[in-house]
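Enquirer: Residue numbers (my numbering), protein chains in the order written: chain A, 1 to 175; chain B, 1 to 799; chain C, 1 to 294.
Each hint can be trusted.
Covered stretches of chain A, going by a simulated chain B footprint (3 or more residues, C-beta under 8 Å):
| id | segment |
| --- | --- |
| 1 | 50 to 61 |
| 2 | 99 to 110 |
| 3 | 151 to 157 |
If you're looking for bench data, these hints aren't it; they were derived computationally from the structure.
Virtual Cβ for every residue (Gly too), placed ideally from N, Cα, C.
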Amino acid sequence: MTTSTAAKYGTARRAVTVRVNGRHVTREVSTRTTLADFLRDELDLVSVHVGCEHGECGCCTVLFDGLSVRSCLMLAVQADGHAVETVESLSANPAELHPIQEAFAEEQGLQCGFCTPAMLLRTKEIIDAGREMTDAEVRHEISGILCRCTGYQNIVNAVQSAGAKLRGPTAGGRD
Amino acid sequence: MTYTYIGKDRRRIEDPRLLVGRGGYIADLRLPGMLHAAILRSPVPHAWIRSIDATEALKLPGVVAVFTGEDCKEKINPCMSFGPATITQYPMAVDKVRYVGEAVAAVVAESRYLAEDGVDLLEVDYEELPPVTDPMAAMEPDCVLLHEEHGSNIGYERTFEFGDVNAAFAGADLIVEDTLRWGRSAGMPMETTGAVAQPGFNGVLEIYCNSLNFSYFVFLIAATLRIPSNKLTLKPVPAGGSFGSKLAAHKVPALAGFLALQVGRPVSYIEDRIDHLMNSDHHGCDRTYEARMGFRADGTIVGLDIDVVDDYGAYMQFGVGHHGNAFSQVVGPYRFRDVKYRLRAVVTNKCQQGAYRGFGSEVHNWVLERLVDQGATRLGLAPEEIRRRNFIQPDQFPYKIPGGNLYDSGDYPAVLDKALSMIDLDSWRAEKKRLREEEGRHIGIGLATTQERSVFSATEFWFLVEKPAFPLTSSPESATVTIDPTGQFQLLLHCQSMWGNSPETVGATVLAEEFGIPPESVNVRYADSAHALPGTGPGGSRYTAMVAGAIRGASRKLQKKLLHIAAHRLELAPEDLELVDARVQVRGAPETGLTIAELAGTAYFFALSLPEGMTSGLEESYTYDHPYTTPPAPDGSDLGVFYPIMGHACHIAVLEVDPDTGMPSFLDYVAVHDAGTIVNPRSLGGHVTGGATQGIGTTLYEELAYDEDGQFQSLTFRDYLIPTASEAPVFRIGHVQTPSPFTEYGIKGGGEGGRMVAPAAVSAAIDDALREYGMRVRRLPVKPATIVATVQAGRAAEG
Amino acid sequence: MKPPPFTYCDPESVDEAVGLKSEYGADSLVLAGGQSLLPLLNMRLVRPEALIDINKIGDLQKIEGRSDILEVGAGVRQYELEDHALVGELVPLLPEAAGYIGHIETRHRGTVCGSLAHADPAAELPCTAVTLDATVVARSPSGTRTIEAQHFFQGRMATALEPEEVLVAVRYPVTPQAAGHGFVEVARRVGDLALAGAAAVVNLDENGHFTSVSVGVSGISDTPVRARAVENALIGEAPTEENITRAADEIVPSVTAGDDIHATRAYRRHLATVVVRRAITAAVASAHERSDGK
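Pulled out of the complex, with its shape left as it was, chain A reads as follows (with noise of 0.2 Å):
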């Protein structure tokens, strides 16, 4: 390493800024932690859920400047000046729910618990993508999240049924 990457790049923690949850957080991190760690460890934000850390399972995805990531995939320090949303954003009170967790209990679209954070947060990156979607192309859309409990089908109807509610009395789009 020469002397100036040294001084600009050589140390192992920095400082970052994150907006979490529409609040600006900053704190100082390993360069080498994950963005997952970084929010459950420092931030104690648990609801984002590792199961497999290598990118296949999904659990642990947030909304990443607005777009669903994986964040087992991404570096605490790549989050710095970035918006970051969990499960938190929708609502974090159990009593007060927003539409799409009230959907997942209306339609039981979760079992043991631990995709739902990731599944509730793509869920309302498909809504507010704004376009009716068959059922089928919901489980397309949530592919990328594994659920070893419900076999999907009450995930879908949960979906379809938020969906339904909020973007108002259009018609159709199951199939």
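Following the hints, position chains B and C against chain A.
Expert: This is chains B and C only, laid out in the frame that chain A set:
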């Protein structure tokens, strides 16, 4: 029988906290001063450990300590095991590694990152031995041994015969036979297994873990750790799925406990996904069958002859309980009486078997149905017809099967009829023909009717063994119901039973039924092992039926107390009163009465207003034993009744196979289950769809593969293929309810649900789609390469 | 499963990134989307001394269309191929193929050039790169060089990039308006890498015969394969099922991948002919649609 709350779709009590990401999982737990452990996994399948050098690792700042199997051997005892005493296992390999991934050393450090850095610096000298990977070769007398002390790689060998199969086959018109291979898969929950241990108050070691049923055998973990059982408290936390993989997962809490005791600080050991894939306690069954079934010309099954070799991997923690489990429903839903079952359990250089939804009976179901389907094809009978001809009839229950188990109740024709009413098989068969002829497409229809034994009791762990070391017969469940001074209900469950099922909703629903209170008003809590009454926990589809019995028992005691307090206050006889909608009232004069809240106030605060001899408070506990277990006959001629609460299911799968790519895709899927009285149909439906999707995974996608050198091939989720939403079919669910005569409310278990049936239905559908090419699914998972090879061979044979 | 220590560098200019890459050489890895690199890091299968994160380099974020070239910078994410109107207009094969890459969550982060640099022979973008005769642009202290896709992929996860080079962009020739394209992939599950996949771009003359055929195949060898023999067998021919099927069989000798737990070599040999046939058939249909649409 109609109920007010039982049997209705209901929102789950568990869900609100899960929906905001506060499930209370093991990885969410942080204790002051907590350290983290990472393990070094063996890169070789079979070797003597010559030395482990931790010098460099210990120099690394942040690394606190390094421990190896040698430390385990010196300081603790082997892990719990129901297997042969000469096959012992520690949380880390002692002297020898026996599979790729086995724990060799643990590094304890200030963070998981640093612990893994320490693992990187460990140096191990292995003296490699030939790997034993083929169970057939493992049985050869000159094969290298995994466990020298055991003297053989055969962990168990015995032949059971009930009836006379040779005589039965002599009278058969057709005997079908097949070699059937069930590959290794696993529950593979999204959350791995983990534990956090801390030396706590008064020298008690506390272990938080997401393996749930430790109030049952906390003493076994204590024995491993060489501490008195009253100095160990297991604090189970909810699990992010199990499907068997967290059933008595003992290595992880034992390892965390061992490490915490050594360093005197809290230690967290949470498997990462690679740990879990290659070194969990719970790979699923891995069996090869030579199987025969005899038929008369009319399709009547006359007998079954099975020779199964089960590749248990390196250790046998549950003995051959998986085959005890298969014996619970060895004839399926069929009437034949002659069964021969030869079992050889073999140890090889692979991860050990444990539990996976079905616990070995799902494999037996698949084998039975494969043979029945082959018989149907050869005899020219439709799959539904051959099954109908062989069903045990509704008026034959309770029905004692060969082997000794009893089926409590059932209406198998009704389940089949219900399934057939939900799908028009005639039109599908016509459509299949049309699509084949007009568009060259290949549609297949598969139908399976299988048993779904439920309400596990303990004898299956040892009854196949001639001289069992610990022939336990208890598998109770307990509940404590408290009405507080304001009349609010608390329900205490005596094991932490939440792993994706609905123990709180079930408990609250039953309590609501008993007292006429809203289910959502009940608060449910869990006891840790220090406070728990006997509880076996979920597993073997037992929890709903068992906890309902416990809650009802506790409720009856409380109801009696309420009636007596009310009778005393109203100056009436208890017999003149009844409990209706949370109120004790006079029979025939309901306007006179007292609410539960009023009575609770009396119970807690007005001792002088209580009947003579009654003490204050409103809390009752009840321990509900398994409703029907009998011991086996000493000579092994009868295994006893051990799994009598018998569910049943019929699945019909319709799929299309692309013969050019070998890729299947579902067109329809009907699943009808009879789990007795249903507490919450939507929850049961979730078990059916979830279980069936796992069954589809086992059938088509999932494989924990080892190559012939013993190297593990399924290291990541890129290779272990769990079905996504796009692979799972759209299920149509139906229910039939034949109450059990033996359980409270007539509840049967349904937790293992779809996985008991789906492999048989899907295999049959693939056969049906490609029958013209001679397709017969004989090996799971059935991969596209096999399908295409069969199609090509079939086409070549046609010329 | 946590990344090993590394020096984290996040340069804000290409020059600085190139400087760092030349300083660290083979001991460094470029972090773009990280969707292949982070798994390797988490599993400690790679242990770079330095990680050079190019996500802050604004110059690399561009998609630019010229009359004959579509240039995609090294910071451009895979989902942008699906969403960016220019891409679909100039090189319509790209958005179609992009839909098969992993899942939307990985496409939101994974980059186009990162996939090329990772050089997984079963991946979609390397396959489309060889099909489209794309050119990879690499920068080093000694300047910029371009590498044709078919020379860029040198083996399984191996490319022609030198240790001091940074891949900065990929250039795709603009697809002629009348050309048809097709992309077919067979994977065990949605989102999995291909057991075999094929991309095809075809041009038909006024008689409907092939004037040009370009076919790339994934999953069958150590690199994505350009199916020259298939292409040659079709030039001047009519796009009949029989012709396409016969030509597709020419892919078989190129299948060198051995058995693995997902597929056998024999299966891949067969599957390669299937995906090639289907991709060409789809490309022909697409060409017909385009000419009908005129």
